[in-house]
Amino acid sequence: MNDMAADVREQADTTGGKLGMWLFIFSEIMFFGMLFLLYAVYRTRHAAAFHAAAQNMDTAIGTLNTAILLTSSLFMALSVHATQEGRKRLTEIFLSITIVLGISFLVIKSFEWLAHFHHGLYPGSVVLSRLGKGEIMFFGLYYVMTGLHGVHVFIGVAVLTIMLVLIHTGKIDKTKFAALENAGLYWHLVDIIWIFLFPLFYLIK
Amino acid sequence: MEHNTKDTGSVSYLDKTANGRGILAWILSTDHKRIGLLYAMVMFSFFAVAVSIGFTMRLALIEPGHKILSARTYDALFTIHGVIMIFIFIIPSIPAFLGNFFLPILIGAKDVAFPRLNLLSWYIFVIGAVLAVVSLFTGGGPIDTGWTFYVPYSIQTGTNVTLAAFSVFLIGFSSMLTGINFITTIHRYRAPGMKWFRMPLFAWSLYATGWVQILATPVIAITLLLIIAGRMFGIYLFDPASGGDPLLYQHLFWMYSHPAVYIMILPAMGVVTEIIPTFSKKPIFGYTAIAMSSLAIAFFGSLVWGHHMFTSGMSQTAKWLFSLLTFIVAVPSGVKVFNWVASLYGGSIELEPPLLFTFAFIFLFSIGGFTGLIQGALAVDVQVHDTYFIVGHLHYVMFGGTAFALFAGIHYWFPKMFGKMYNKNVARLALLVMFIGFNTLYFPMFVLGWEGMPRRSYDYLPQFHTGQLISIVGSWILVPGLIIMFTNLIYALFKGEKTPANPWGGVTLEWKISSPPPRENFEEIPVITSRPYVFGAEAEHE
Numbered sequence: 000m001n002d003m004a005a006d007v008r009e010q011a012d013t014t015g016g017k018l019g020m021w022l023f024i025f026s027e028i029m030f031f032g033m034l035f036l037l038y039a040v041y042r043t044r045h046a047a048a049f050h051a052a053a054q055n056m057d058t059a060i061g062t063l064n065t066a067i068l069l070t071s072s073l074f075m076a077l078s079v080h081a082t083q084e085g086r087k088r089l090t091e092i093f094l095s096i097t098i099v100l101g102i103s104f105l106v107i108k109s110f111e112w113l114a115h116f117h118h119g120l121y122p123g124s125v126v127l128s129r130l131g132k133g134e135i136m137f138f139g140l141y142y143v144m145t146g147l148h149g150v151h152v153f154i155g156v157a158v159l160t161i162m163l164v165l166i167h168t169g170k171i172d173k174t175k176f177a178a179l180e181n182a183g184l185y186w187h188l189v190d191i192i193w194i195f196l197f198p199l200f201y202l203i204k
Numbered sequence: 000m001e002h003n004t005k006d007t008g009s010v011s012y013l014d015k016t017a018n019g020r021g022i023l024a025w026i027l028s029t030d031h032k033r034i035g036l037l038y039a040m041v042m043f044s045f046f047a048v049a050v051s052i053g054f055t056m057r058l059a060l061i062e063p064g065h066k067i068l069s070a071r072t073y074d075a076l077f078t079i080h081g082v083i084m085i086f087i088f089i090i091p092s093i094p095a096f097l098g099n100f101f102l103p104i105l106i107g108a109k110d111v112a113f114p115r116l117n118l119l120s121w122y123i124f125v126i127g128a129v130l131a132v133v134s135l136f137t138g139g140g141p142i143d144t145g146w147t148f149y150v151p152y153s154i155q156t157g158t159n160v161t162l163a164a165f166s167v168f169l170i171g172f173s174s175m176l177t178g179i180n181f182i183t184t185i186h187r188y189r190a191p192g193m194k195w196f197r198m199p200l201f202a203w204s205l206y207a208t209g210w211v212q213i214l215a216t217p218v219i220a221i222t223l224l225l226i227i228a229g230r231m232f233g234i235y236l237f238d239p240a241s242g243g244d245p246l247l248y249q250h251l252f253w254m255y256s257h258p259a260v261y262i263m264i265l266p267a268m269g270v271v272t273e274i275i276p277t278f279s280k281k282p283i284f285g286y287t288a289i290a291m292s293s294l295a296i297a298f299f300g301s302l303v304w305g306h307h308m309f310t311s312g313m314s315q316t317a318k319w320l321f322s323l324l325t326f327i328v329a330v331p332s333g334v335k336v337f338n339w340v341a342s343l344y345g346g347s348i349e350l351e352p353p354l355l356f357t358f359a360f361i362f363l364f365s366i367g368g369f370t371g372l373i374q375g376a377l378a379v380d381v382q383v384h385d386t387y388f389i390v391g392h393l394h395y396v397m398f399g400g401t402a403f404a405l406f407a408g409i410h411y412w413f414p415k416m417f418g419k420m421y422n423k424n425v426a427r428l429a430l431l432v433m434f435i436g437f438n439t440l441y442f443p444m445f446v447l448g449w450e451g452m453p454r455r456s457y458d459y460l461p462q463f464h465t466g467q468l469i470s471i472v473g474s475w476i477l478v479p480g481l482i483i484m485f486t487n488l489i490y491a492l493f494k495g496e497k498t499p500a501n502p503w504g505g506v507t508l509e510w511k512i513s514s515p516p517p518r519e520n521f522e523e524i525p526v527i528t529s530r531p532y533v534f535g536a537e538a539e540h541e
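Sequences listed follow chains A and B, in order. Numbering that gives the first Met the number 0 applies: residue 0 is where the first sequence begins, and numbers increase by one. Numbering that gives the first Met the number 0 applies: residue 0 is where the second sequence begins, and numbers increase by one.
For the record, the hints were derived by calculation from the structure and aren't laboratory data. All of these numbers come straight from a predicted model, not from anything done at the bench. Please note that the accuracy of each hint is not assured.
To be verified - 27 Å max Cα-Cα, derived DSS-like pairs, lysine-lysine: (1) 511/B with 497/B; (2) 497/B with 109/B; (3) 17/A with 173/A; (4) 175/A with 109/B; (5) 108/A with 204/A; (6) 17/A with 194/B; (7) 170/A with 109/B; (8) 15/B with 318/B; (9) 280/B with 511/B; (10) 194/B with 497/B; (11) 170/A with 87/A; (12) 17/A with 109/B.
To be verified - Here are some chain A residues pointing at chain B (derived, C-beta under 10 Å): (13) 23; (14) 30; (15) 37; (16) 128; (17) 138; (18) 139; (19) 140; (20) 142; (21) 143; (22) 147.
C-beta atoms are modelled at their ideal positions from N, C-alpha and C, and glycine is treated no differently.
The whole structure should be built from the sequences, with the hints applied where relevant.
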């Protein structure tokens, strides 16, 4: 009888944990939502300048990063599934691939930023200040939005690494995988935000 | 005494042998009751500081033309006063202290959904508060932007805005995590039989507050980060020179900061809704209406931020829409006030201190609410905007509203929290002194503002002298009142008479457990079979 009560409690905890995670995701959507709002307002005001500034973006690199992040989300989902099936080794492999892809995204993103810097396109630079107001705003938004997204990817990689340790030590297994699922939710969120950033900065030209 | 029995189920959460000694047993505790008290300690320490600053600012205005404080010092003082009072005192006050302590008990749970996250929230809050203090002494020194951090000045000033903004960011993060915790707790941990419409109304108000905390706080988070980005990296998204618009900053700021007003007032309304039935020995009138009005306030309150910006520049359509919505928010607030009064009608009223504080709350909050409507009217707002009228209004709402409800709640639940009773007559005296002092201090501000006295000014024209003087004398009455009240409570904490588990004859769940509450609140999770606030004969009928 006691065990049953404990089971019920465990069940409630898992559902509660997931609910908490969703609430956190709502807050993240509001957080990035305000940046999208700023983008919308400024794009409306400086449509031509945004169009011109976007010519500096490398669509190929953006597409590559999009593919990387989407693939990482696939492996994230696979690793959750593998845990549910109780296949520990496979879970670890899938999760490791997710982490490596996440890191690759960050590396590519940093090279991209460095290339912009190299061309003198950084906040307060001489090159940028010679351009129009709209172009400055485009790059301001670009750095803030992809920068904060990058921070989220970084946190995601850190969280997934902790999950990997927990799986390895058996703290997450077939019976207890709520933490991994929640980490997965967060990872997909990070992915989805990028899905919106990609067209706004790379595709609308 | 019940809590002396050997049964582990009823060991008090304050018991030293059961919980461990020393400060670590407190600052590492995940018990929601202890965390609630941890919040209270930090909050009230900062409250004392901010009251002193407010007192000093009043005093410095004792005569026109003397300029006792320099403009710079005065700017810094009202900024620090505002930042502490709003972000470190009022916003966490009722949810993080009384909410943490009583939400799980009121819904028949052993703790909040995420006890460790709850403790983490407190640590983030404390780090934020400490950084706010550090920001005063490092970098360019105390910030002088006002608590609103308006651009472009917040980007240009040499004072330490970056660190101060970051500290507010952290405090906001803590508030948001508390919201997540409460919402999850209410969804998942209600006792068996406690359906949504059997919840005590304080829980309903915290539920509405929680949604605002979750959805509005991220907006201030990103806004503050954009200020930091502007100051640290030169990415200044509100600079007209680089295609930005400072008005957008104001929109984003108030998109959080207006709903934040409801983070402050909704829990306060919840507290007085708990108090009134207990002291009129009658079920609350209009339970459903009160519960729904909390949600309505949270919803409509999130759509009215523009009324802070009527003079900033906005289309005429936006203006009247925001004005209309502002008037609509007054409706659910009115619903609550009428229901409170109706709950008192025909009751057997006991004029104990918590109820007297509640009366003071209703009176002061109503004045605050009505003056809010005056500002919500477009034509009038042009006259009163940025004057003492606003200062009077916001103090009537936040101090007269939230803080008085907090004091009412403390006097109501003090015997439950500590198993001891304060001196009731001293509490009544403190309230009387505070009530007189409060009105003497803040009411003249409405008149001064109407006559054109601008807010945030370190000096004034001689024509405002009388009003200022009355207001200053008010602060000399209000502060002793606060001192009497806190002395009375602190004395009772150590030397108060022991009190039975249910001194007020309350019927909600917290009064059915011993005082102070057992560590796990309930030996056995109660099964709920009726709505709350059912007294006497009716209770037997159920």
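### Message
Hint validation: residue 140/A versus chain B, beta carbon distance must be below 10 Å. Holds or violated?
### Response
holds, 7 Å
### Query
With 10 Å as the cut and Cβ atoms as the points, is residue 37/A at the interface with chain B?
holds, 6 Å
### Task
Quickly compare the C-alpha distance for residue 170/A and residue 109/B to 27 Å and report which way the hint goes.
Holds, at about 25 Å.
### Query
Would the pair residue 194/B and residue 497/B pass a check requiring their Cα atoms to be no farther apart than 27 Å?
violated, 35 Å
### Task
With a cut-off of 27 Å on the C-alpha distance, tell me whether residue 511/B and residue 497/B pass.
holds, 17 Å
### Query
Should the interface hint for residue 147/A be scored as holding, given a Cβ-Cβ cut-off of 10 Å against chain B?
Since chain B brings a Cβ to about 7 Å from residue 147/A, closer than 10 Å, the hint holds.
### Task
Would you check the hint for residue 170/A and residue 87/A, treating anything up to 27 Å between C-alpha atoms as holding?
holds, 11 Å
### Query
Taking only the CA atoms, is the gap from residue 17/A to residue 194/B under or equal to 27 Å?
holds, 21 Å
### Message
For a C-alpha distance cap of 27 Å, please report whether residue 280/B and residue 511/B respect it.
### Response
Holds, at roughly 16 Å.
#### Entry: 27 Å Cα cutoff - pair residue 17/A, residue 109/B
Holds, at roughly 20 Å.
### Query
When the nearest CB of chain B is found for residue 138/A, is that gap smaller than 10 Å?
Holds: closest Cβ of chain B sits about 8 Å from residue 138/A, inside 10 Å.
### Task
Against chain B, run the beta carbon of residue 143/A and see if the smallest gap drops under 10 Å.
holds, 6 Å
Hint compliance for this structure: hints 8 and 10 are not met, and every other hint is.
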